[in-house]
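Each step along the sequence shown adds one to the number in the UniProt record's numbering, with nothing skipped, and position 183 is 183.
Because the hints were derived from the structure by calculation, they are not lab data.
Keep in mind it's a predicted model, so treat the numbers as computed, not measured.
Ideal Cβ placement from N, Cα and C applies to all residues, glycine included.
Hints should not be assumed to be uniformly reliable.
Claimed, not checked - Capping the alpha-carbon separation at 16 Å, the derived lysine to aspartate or glutamate pairs in EDC-like fashion look like this:
1) K389 <-> D364
2) K292 <-> E270
3) K171 <-> E55
4) K171 <-> E270
5) K45 <-> D71
6) K45 <-> E35
What the hints assert, rightly or not - Listed next, with one range per pair, are the computed distances between beta-carbon atoms:
7) P3 <-> G242: 41 to 47 Å
8) D149 <-> G12: 34 to 40 Å
9) E116 <-> I38: 51 to 57 Å
10) E270 <-> K171: 23 to 29 Å
11) A174 <-> G242: 30 to 36 Å
12) D64 <-> G242: 58 to 64 Å
13) D375 <-> P408: 33 to 39 Å
14) Y274 <-> D220: 29 to 35 Å
15) A393 <-> S319: 17 to 23 Å
16) T314 <-> R240: 46 to 52 Å
17) E233 <-> Y274: 36 to 42 Å
18) S142 <-> S232: 38 to 44 Å
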Amino acid sequence: MAPIKAALLGFGTVGQGVYEALKTHREQLKSVLGEEVIIEAILVKDGAKKRDVDEHILVTTDFDEVLNIPDLQIVFEAIVGEEPGFTYLSKAIEKGCRVITANKVMFARHGKTLLEKAEAAGVSVGYEATTAGGTPIIRSISQLLQVNDILSVEAILNGTSNYILTNMREKGSAFEDVLKTAQDLGYAEADPVNDVEGFDAFYKLMILSELSFGSSPNWDEVERKGITEVSSEQIEVFTRWGYKVKHLARIRSDSGLFTASVKPVLVDSEHPLYGVEDVQNAIMVETSLAGKVTVQGAGAGKLPTASAMVEDLTYVLQSHSGAAVRKKQSVLKVDSSSSESGSSSLVGEYVVIGSSVGFNGSDDIQLLKQDVRGDLVYLLIRCHEETAKSLKANSELVVYEVAGKLKPAEVKVEDRDLVLQRVINL
Numbered sequence: 001m002a003p004i005k006a007a008l009l010g011f012g013t014v015g016q017g018v019y020e021a022l023k024t025h026r027e028q029l030k031s032v033l034g035e036e037v038i039i040e041a042i043l044v045k046d047g048a049k050k051r052d053v054d055e056h057i058l059v060t061t062d063f064d065e066v067l068n069i070p071d072l073q074i075v076f077e078a079i080v081g082e083e084p085g086f087t088y089l090s091k092a093i094e095k096g097c098r099v100i101t102a103n104k105v106m107f108a109r110h111g112k113t114l115l116e117k118a119e120a121a122g123v124s125v126g127y128e129a130t131t132a133g134g135t136p137i138i139r140s141i142s143q144l145l146q147v148n149d150i151l152s153v154e155a156i157l158n159g160t161s162n163y164i165l166t167n168m169r170e171k172g173s174a175f176e177d178v179l180k181t182a183q184d185l186g187y188a189e190a191d192p193v194n195d196v197e198g199f200d201a202f203y204k205l206m207i208l209s210e211l212s213f214g215s216s217p218n219w220d221e222v223e224r225k226g227i228t229e230v231s232s233e234q235i236e237v238f239t240r241w242g243y244k245v246k247h248l249a250r251i252r253s254d255s256g257l258f259t260a261s262v263k264p265v266l267v268d269s270e271h272p273l274y275g276v277e278d279v280q281n282a283i284m285v286e287t288s289l290a291g292k293v294t295v296q297g298a299g300a301g302k303l304p305t306a307s308a309m310v311e312d313l314t315y316v317l318q319s320h321s322g323a324a325v326r327k328k329q330s331v332l333k334v335d336s337s338s339s340e341s342g343s344s345s346l347v348g349e350y351v352v353i354g355s356s357v358g359f360n361g362s363d364d365i366q367l368l369k370q371d372v373r374g375d376l377v378y379l380l381i382r383c384h385e386e387t388a389k390s391l392k393a394n395s396e397l398v399v400y401e402v403a404g405k406l407k408p409a410e411v412k413v414e415d416r417d418l419v420l421q422r423v424i425n426l
């Protein structure tokens with residue numbers, strides 16, 4: 001049998017991992033696929049730089065040279081940014097190649113277009129590596145979708161942020177110190193903005209939305225907040241109260257409208273993602289038949305990401321791509337828990353932090369816990385969503401949602417003046 005000819009676009013950390021995985025697992029792949037996979041070409045930025053690759057491989061800076069390889073079947077794409085990755089994969093699909101990508105930014109913006117192009121060309125697209133490295137999130141959701149409707153997705157999608165929050169809690173260290181350690185260990189880039197400000201998790205959530213619901217929210221309507229404002233003092237108080245801070249990406253579709261957010265929230269020991277630590281990623285999918293399904297694993301790194309791309313070989317060689325084409329919907333709310341949505345009578349739990357905490361005349365607040373650290377007052381309260389929204393609008397307050405506590409229930413009404421008097425007397 002003729003070998004399966006493949007090309008690799010990009011030879012950075014992930015690209016090198018794909019090359020190594022294909023070499024070290026050559027016989028195993030052959031036994032699964034029935035044919036040997038051969039890398040015929042590698043597209044690089046710097047053609048003069050020496051590469052430790054097999055002599056027969058074409059190393060080039062010219063994509064057209066790659067595309068003109070006779071009988072090319074597979075294109076692995078591990079380039080950073082929207083372009084030229086989108087253009088390259090579009091051309092590869094038009095030529096009849098099956099493509100596999102790890103490019104989350106590009107796929108978040110252009111994934112639906114690529115899937116539509118692949119559908120028209122009769123080929124398929126593998127994109128497992130775009131969302132959680134070696135954690136099989138895409139395959140898990142795809143499998144569930146065969147008989148289930150997806151109701152909601154709640155996930156930890158950025159290993160860097162999760163590592164930082166874990167070590168701030170366990171070591172009592174400041175954000176800046178843990179970030180420096182993460183950079184030294186290679187968990188964070190020299191410019192960590194995408195990770196710590198929530199962009200990385202946001203792009204991944206949009207990819208999961210398209211897969212789960214056939215559509216995604218308008219990007220500018222989704223609340224996105226990073227972890228840079230989480231302090232070691234806050235974490236100390238939350239830990240004493242039995243909570244952990246997790247940077248959660250959440251989305252729910254209800255009657256064609258979305259509830260979506262990417263932000264730090266509090267979780268207790270009953271939450272399925274409570275025990276996900278360090279650089280691990282995890283996702284909880286709520287389904288119509290199977291209930292809640294949780295998948296956890298390595299979120300990033302050279303070999304986990306490469307593993308996801310190589311595993312996609314079986315999928316793209318044996319299946320046919322399809323994409324549900326639906327118009328983008330508006331976001332119904334951007335800050336609601338994924339537990340419930342769309343009801344005006346929902347009650348949730350929140351931690352409010354401020355030097356002078358006032359509730360703007362609201363009379364539906366139940367005070368659950370309280371603490372004082374210097375000039376700051378920490379209050380754990382239960383209140384209606386609308387009250388929480390008004391608190392969040394106050395720039396002098398910091399408000400954290402407690403995940404999984406939003407439910408349609410009557411809140412115990414406690415006199416506002418009594419609550420404020422408690423604060424004054426702390």
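Okay, the hints, checked on the actual structure:
For the given pair, K389 sits about 13 Å from D364 by alpha-carbon distance, which is consistent with the 16 Å threshold. As the CA atoms of K292 and E270 are separated by approximately 13 Å, the hinted pair is consistent with the 16 Å bound. Using a Cα cut-off of 16 Å, the hinted pair K171 and E55 is violated, with the two alpha carbons roughly 49 Å apart. Distance hint between K171 and E270 is unfulfilled; the C-alpha atoms sit about 23 Å from each other, more than 16 Å.
Proposed proximity of K45 and D71 is contradicted: the alpha carbons are some 24 Å apart, above 16 Å. Straight-line distance between C-alpha atoms of K45 and E35 comes to about 30 Å, which puts the hinted pair past the 16 Å bound. At about 57 Å, the beta-carbon gap between P3 and G242 misses the expected band of 41 to 47 Å. Between D149 and G12 the Cβ separation comes to about 38 Å, which falls inside the hinted range of 34 to 40 Å.
The beta-carbon spacing between E116 and I38, approximately 30 Å, falls outside the hinted interval of 51 to 57 Å. For E270 and K171, the hinted distance range of 23 to 29 Å is satisfied, since their beta carbons lie about 25 Å from each other. A hinted range of 30 to 36 Å is violated for the C-beta pair A174 and G242, which are about 23 Å apart. Hint check: D64 to G242, Cβ distance near 59 Å, so the stated range 58 to 64 Å holds.
A hinted range of 33 to 39 Å for the beta carbons of D375 and P408 is consistent with their spacing of about 37 Å. Here the CB-CB span from Y274 to D220 is close to 31 Å, well matched to the stated 29 to 35 Å. A C-beta distance of roughly 48 Å is found between A393 and S319, which places it outside the suggested range of 17 to 23 Å. Our hint of 46 to 52 Å for T314 and R240 holds, since their Cβ atoms are close to 48 Å apart.
At about 21 Å, the beta-carbon gap between E233 and Y274 misses the expected band of 36 to 42 Å. Range check, S142 to S232: Cβ separation about 40 Å, and the 38 to 44 Å hint holds.
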